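There are 4 protein chains.
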Amino acid sequence: MVESYDVAILGSTGLVGQRYVEILSRHRWFNIVALSSSPGKHGLRYRDAVSWSIGGDIPEDIADMKVYSPKPEHFSGVDIVFSALPTEVAREIDRGFADYGFSVFSDSSPYRMDPDVPLMIPEVNPDHLNLVESQSRRFRGRLIKTPNCTSTVFTLSIKPIIDLVGEGIEMINLVTMQAISGAGYSGLSAMAIQDNIIPYIKNEEEKLAEEPRKILGRFERDHIEYRKLNIEAVTTRVPVSEGHTIVVEAIVRGDIDLDEIAGSLSKFKGVPQELKLPTAPRSPVRVYKKIDRPQPRLDRDLERGMSIAVGRLKLAGFGEYKVLKYIALGHNTIRGAAGNTVLTAELAIALGYMKR
Amino acid sequence: MVESYDVAILGSTGLVGQRYVEILSRHRWFNIVALSSSPGKHGLRYRDAVSWSIGGDIPEDIADMKVYSPKPEHFSGVDIVFSALPTEVAREIDRGFADYGFSVFSDSSPYRMDPDVPLMIPEVNPDHLNLVESQSRRFRGRLIKTPNCTSTVFTLSIKPIIDLVGEGIEMINLVTMQAISGAGYSGLSAMAIQDNIIPYIKNEEEKLAEEPRKILGRFERDHIEYRKLNIEAVTTRVPVSEGHTIVVEAIVRGDIDLDEIAGSLSKFKGVPQELKLPTAPRSPVRVYKKIDRPQPRLDRDLERGMSIAVGRLKLAGFGEYKVLKYIALGHNTIRGAAGNTVLTAELAIALGYMKR
Amino acid sequence: MVESYDVAILGSTGLVGQRYVEILSRHRWFNIVALSSSPGKHGLRYRDAVSWSIGGDIPEDIADMKVYSPKPEHFSGVDIVFSALPTEVAREIDRGFADYGFSVFSDSSPYRMDPDVPLMIPEVNPDHLNLVESQSRRFRGRLIKTPNCTSTVFTLSIKPIIDLVGEGIEMINLVTMQAISGAGYSGLSAMAIQDNIIPYIKNEEEKLAEEPRKILGRFERDHIEYRKLNIEAVTTRVPVSEGHTIVVEAIVRGDIDLDEIAGSLSKFKGVPQELKLPTAPRSPVRVYKKIDRPQPRLDRDLERGMSIAVGRLKLAGFGEYKVLKYIALGHNTIRGAAGNTVLTAELAIALGYMKR
Amino acid sequence: MVESYDVAILGSTGLVGQRYVEILSRHRWFNIVALSSSPGKHGLRYRDAVSWSIGGDIPEDIADMKVYSPKPEHFSGVDIVFSALPTEVAREIDRGFADYGFSVFSDSSPYRMDPDVPLMIPEVNPDHLNLVESQSRRFRGRLIKTPNCTSTVFTLSIKPIIDLVGEGIEMINLVTMQAISGAGYSGLSAMAIQDNIIPYIKNEEEKLAEEPRKILGRFERDHIEYRKLNIEAVTTRVPVSEGHTIVVEAIVRGDIDLDEIAGSLSKFKGVPQELKLPTAPRSPVRVYKKIDRPQPRLDRDLERGMSIAVGRLKLAGFGEYKVLKYIALGHNTIRGAAGNTVLTAELAIALGYMKR
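Chains as they are written, first to last, in this note's numbering: chain A, 582 to 937; chain B, 582 to 937; chain C, 582 to 937; chain D, 582 to 937.
Worth flagging that the hints you see were computed from the coordinates, not collected in a lab. Check before you lean on any hint, since a few could be wrong.
It does not matter which identical chain is used: a pair holds within one copy or between any two.
[What the hints assert, rightly or not] Each computed BS3-like pair below joins lysine-lysine, with the alpha-carbon atoms no more than 25 Å apart: (1) LYS788 to LYS906; (2) LYS622 to LYS870; (3) LYS647 to LYS936; (4) LYS903 to LYS809; (5) LYS870 to LYS647; (6) LYS622 to LYS783; (7) LYS871 to LYS809.
All of these numbers come straight from a predicted model, not from anything done at the bench.
The shape of chain A in the complex, shown without the other chains (with noise of 0.2 Å):
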């Protein structure tokens, strides 16, 4: 039997912060019990401070919570710190929380390339929260962090097809097409996206290239080495709301078996599955064989978001390489965003990396 928690979110107001919100106030194990918003919201209750923009009603128990500017002053007596800060102050504050000895669980950009702070899929790479016995060097509290959620969602599906094939991908090549609330609530103007498709996000293939190696790299002792592994991505937004599509392309040096591979991914299952985390989907990866799936509308709220969708695994070739291709489609602010990190402090917890 788990005690349960008490946690604080901030940045709760954004569009991660109401997942954040969405997932913790009905969660068994968290007690939702502050909440920040940005320093000019300081004092409003919820309701008033937030543009609710997921369906359905705010919770009740928090529609009428107060929320303050994210000072840690203002959050004694909490446990853990949810923290979906937007990228431009994330640094500063989230490391100040860290700072002041709270284990701040994060989703923002900054420091997920850090060698000391884990970054984590709870059924990829569990082991990595061993890199919180580090940290006590630099912070009293623990910072461990969510990938970008593209990121997130194709590692997620990469990591049983490596289990299979091993060291033999010589290079992956990926085309995204990302919903626009990738790009939070205000990132986007709608004239910019209506009938359109903008070929570009800044940032993201830079992070596809280096996310996913430190993600499945191995830890060591105090350190993780990380994969190596040759990816170059075109990232896109398209005019739909939540779930980002990834064409998936591994080139690939000796023989792969297609239903080897579907066989791999339906059965995945890590950590979380095993010990039944509260967050956890029972498959992270659900494999369709139906040609005309995965789809964002339909297949994003698979396991309430948790579970990933793979479908159009197809291979190709040329000279000694095989070249599989398959698309991969994932929640992008559940799976790839609150949701990833919130299992990812149910597994510290259960794994006892928690102890107060």
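Starting from the structure of chain A, add chains B, C and D where the hints point.
Just chains B, C and D now, with coordinates in the frame of chain A:
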């Protein structure tokens, strides 16, 4: 034979400013000789300063022109200034240019209801241009306004009906479905409108109540006598790129004949048509009998966006009242903005108000 | 304690049919024991017969059920038949099932205006169920209808207002902005609605004029006395997936108080709420004060799609008339179809009409 | 000086048929003298037979022409037949017209891979028109085809690159994001694509693998030697009205210089440009340096839809291979269909193949 005029465009990089560039670059009376954008872009070439959002190319001869900050001293030698400035700066800058001695034709909202400033739809109230005579006591130049985009489309549609039924209109109720371009390039976030309708547009309902009363008013010696009109609007934003749709309901005391209404709309012509002004559509109002028209994607470009479309005329009633309904649709950044303003300038020239 | 009922769904693979599957598969009174689809799919498993278009998964216990062609002999042992058949076949098949002895709860348009058939919104006209007593002279079973989706949302919103202002309503004018799901899965081509509005929906305006008069009518011994209501609608289709938006205008003789109206709407409850029926929302009508609500993407899912949202209440007038306006929004395939019908069946059971 | 030709349009009421009407009605070489539609519309006026879906008006002189069922005997006196028939009837009818003696220029898929039928992109393979010489043994007339819309845009983009890197291309991987107009007016339901992506387009990936090999092949005396090209595509549908976006990846053995590639694309011209054919764009390929281009809404109309846009050129690699990537975008119903076919007819005339 009209001489040619050197013109400047203030706010040339916004959505309406781009429409000015498009219309004026191929105009046989006007030469674009100067462009302004926000001060931060001062000195850039137009092609680098603009996010060109109209299909096709930036007109070649304009693309390499430099843009200046909107200060009168940068625009010496210019005969006419077309202004598409954002509301928050328009009041001061439009006024400054008029004070300096320019003839300013402007789209933004400040000064629209100023008693000395004509609020023009060239087919509806050409004689309101007489107001410029009174302006000499206030500015060295002139200031002439285009109405709000929705006001323009609605007022153009109701004019031929008022010509027919006169004083009998007790109330007009409007429901609008407005395009996202009406909010400006960055005025609306993609996440707000994706798969959605926003049932309120700030300040729009007030403008729709007031502006038509001035436009349809009577010029008397030195001022406009407002028309009595009781207009109540519900304005909404819909996921359509261009083209405002307005469901008009007029509650009328007395008899109405639908065929007469349709005939009056179809036959409607004004001074711009008589004078065959370059930007004048042959028919300012197109009447559809097909029950599924007008539609924004199909009808917004009628006569290069200068003609509005009317359809779904129908009649009901209660007590002694007739209730006339129809749907009007017009291109909000052309007839509702830049195109209407250019036509106003043509009218002012043709009627001799612009004597130098 | 209610016993449980074995139910069938006719037309189970359409959009409304899928909503039935979603609602009934987790319903504690009903067991889905049979499904029909078009004859061409007879014998397929549900998962292969359906293009599942609701987010998430087909309920597991339903996915492998076989679908049958809609003939009564395939459905022996079934207590209740929920019918979501397309209009063109519904007349004959719904009637056939009722003749055969089934209790048929149906969404389609045929028989809605039949004097012996109750047209139900459970919160509005629960006593109309009495009509089923008269049905025995026509069918061995029963036939009970849900109104048109837009009629349902509108009528639910006007009922608390009529309760307040009574006979004073001279005319009601509606402008609708209806979701594409209302046309059925294949009822509307993507090219027709992309970046567009279609200003007409076939037969919809007639239904909106007639159905509310029956629903709001008075049950008298063995028939319904229609309410006098002069309703005139302009119905349009907009690029929104789910959720019909209706701008309602009521022209009223006599005084109205906006706060009273808002209060009457907020406090409105009916028999389903008193009886705490499983599908009943706590509040059938939610009133928003925020000026930018209701919005379809945000509000269609209130109380699992069973609550409608009302906002933008305002009052104007002319002569001796007050003109009340507001916007109502409801989930068209849940409250406007399957959900309303399931609630009707619950009501019929709870009130004892379904005694076997 | 070219004489003028009387032309007919088969399938004139579909989306591509409408593009033919638009292009040919203002064409100085061609007079539209006959139109066909499906047999059910035989005898109607064009304005009544068509759901005109292109912005603006039906060209006036065409609107009142009658449409005929597509039988050769209705089209005597016609010199050239442009065919935009749906696939399922095109095989028989196109062939019938060619047998009857007409010169048929056609967009549909049947006969594209027939060894006697040229598959034309005028800038790419003008000499393939020589194949018509061999056709006399099969038809009394001629049959000339335009490729699949995506094949056309892709092949036009890769031609200048192949001119540069020659035999070094080991494999080409494509990911497409195709507009809904590519499915025809009724080919895709609104509900399928709203807020969604469909990750598969039937038969499209096969066409993309085959057609470019023919188009880029070498004419040898009386047949085409196919080019060896290993092309593998993943094709998807996105909620964009017009304009196909293609992410191209070419795996090349040997050296590549990005500037040379960009130069070769920019400078690319073909026989249509040399001959200044009426429909020829000045530059068939526009290269963008701006990192957020090309975009379908902004770039599909370049040079009236006849120029394709290329952007996001980048280079990576593995082992001895270079991996070149770029995004190509073209107007699918103009350059990808009607416009390309009209240009082909102009080429055939200018090169003397249409001697009567």
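So, going through the hints one by one against the coordinates:
1. LYS788 to LYS906: both (21 Å within a copy, 18 Å between copies)
2. LYS622 to LYS870: between (48 Å within a copy, 20 Å between copies)
3. LYS647 to LYS936: Neither. Shortest intra-copy (29 Å) and inter-copy (52 Å) distances fail the 25 Å Cα cut-off.
4. LYS903 to LYS809: both (19 Å within a copy, 18 Å between copies)
5. LYS870 to LYS647: between (48 Å within a copy, 20 Å between copies)
6. LYS622 to LYS783: between (29 Å within a copy, 22 Å between copies)
7. LYS871 to LYS809: The answer is neither: 33 Å in one copy and 31 Å across copies each exceed 25 Å.
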